[in-house]
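Peer 1: Here's the letter readout for the chains.
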Amino acid sequence: MDSLSDISLVAQVAVFHNRRAFDQLVRKYQSPVRRFLLNLTLGDESLCDDLAQDTFLKAYTHITQFRGVASFQTWLFRIAYNVFYDYKRKDGEKYLVNGEGSIDSKTELASGHVSSSTSQLKMDISTALAQLKEDERACVTLQLIEGYSIDEIAKILKMPANTVKSHLRRGKEKLTTYLKENGYDGNR
Amino acid sequence: MDMTEIDDKLLQQFFEPARQQQIEDNGFTERVLSCLPDKSIQLSHYWTAFCLAVGLILFVVYRGWEPLIVSLVSLARMVSQNIHPISFFMVLGMLGCWLIVDLTQRMWRLQV
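These protein sequence lines map, in sequence, to chains A and B. Throughout the first sequence, residue numbering follows the numbering used here, covering 1 to 188 in sequence. Throughout the second sequence, residue numbering follows the numbering used here, covering 189 to 300 in sequence.
One thing to keep in mind: the hints can contain errors.
Claimed, not checked - The list that follows gives simulated cross-link-like pairs (lysine-lysine, DSS-like), each with its CA atoms no further than 27 Å apart:
| hint | chain 1 | residue 1 | chain 2 | residue 2 |
| --- | --- | --- | --- | --- |
| 1 | A | K165 | B | K227 |
| 2 | A | K155 | A | K165 |
| 3 | A | K58 | B | K227 |
To be verified - A short, non-exhaustive set of chain A residues, derived as facing chain B with CB atoms under 7 Å:
| hint | residue |
| --- | --- |
| 4 | S5 |
| 5 | H17 |
| 6 | N18 |
| 7 | R35 |
These are calculated hints, taken from the structure and not from any lab test. Note that the structure is predicted; figures quoted are calculated from it, not measured. By construction, the Cβ of each residue, glycine as well, lies at the ideal position given by its N, Cα and C atoms.
All chains should be built: construct the whole structure from the sequences, respecting the hints.
Peer 2: In structure tokens:
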């Protein structure tokens, strides 16, 4: 039913350029798309919002290319990953300085000076994800946070399923080691 | 004990709050909608480009430059024969003055 209503909204956007229909689609999917990009950008909220905005603008201008084979959310995630990938390619150095290079992961998790709050949780997740390479991070985020299957991840990232499995295995190994080294036992 | 099972359980627990996380809209949708390209403007651009292309093709196909050159030459002949030199130079002088005033104003605006 949900996918049917999505297809109906997409059709209204594609045929009549109905902005109200697109408004409904953005409201419905802004949270998962922004959450995905937030994890890819290691918690950089302003960058994540810019990339999410680009994602929806691209979705609007290329809406006729949506065939309905995968779900609308999967299609959006594919665009979001492409937008992120393009950004990283263009501003690679800046991204490394502001993103991955700026997080001192060991101290963040080990020090408990910030009280248990959402921001601390975000920081924990971002610092943990910063241990991974980009492809590993994308695979881990899509499976462990967004709940996608390996085949769906392969479609979103345009990678063979075996490559996704390798990235997932390596990513999970790194994360487990990292969490155990930093005293995370699952009861926090 | 199976290592993979333990790893998965630990990771599932660690990412559980992230799975539940809902990001508030906070005006995001409005910002996206305000940036959407206007289809009517796009259509008008396409229409202008189409008309321009058709005009250029017709101009080349029907050798549009030939009547244009003939008209310009005859206009130049007519002007040189019928217009009195004094009135011609008066108009030229007025245009020159207007040009100087306009240039001065532009330069003054740039300095400001």
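Peer 1: Of the numbered hints stated previously, which ones are contradicted by the structure, given in increasing order?
Peer 2: As far as the earlier hints go, 1, 4, 6 are violated by this structure, in ascending order.
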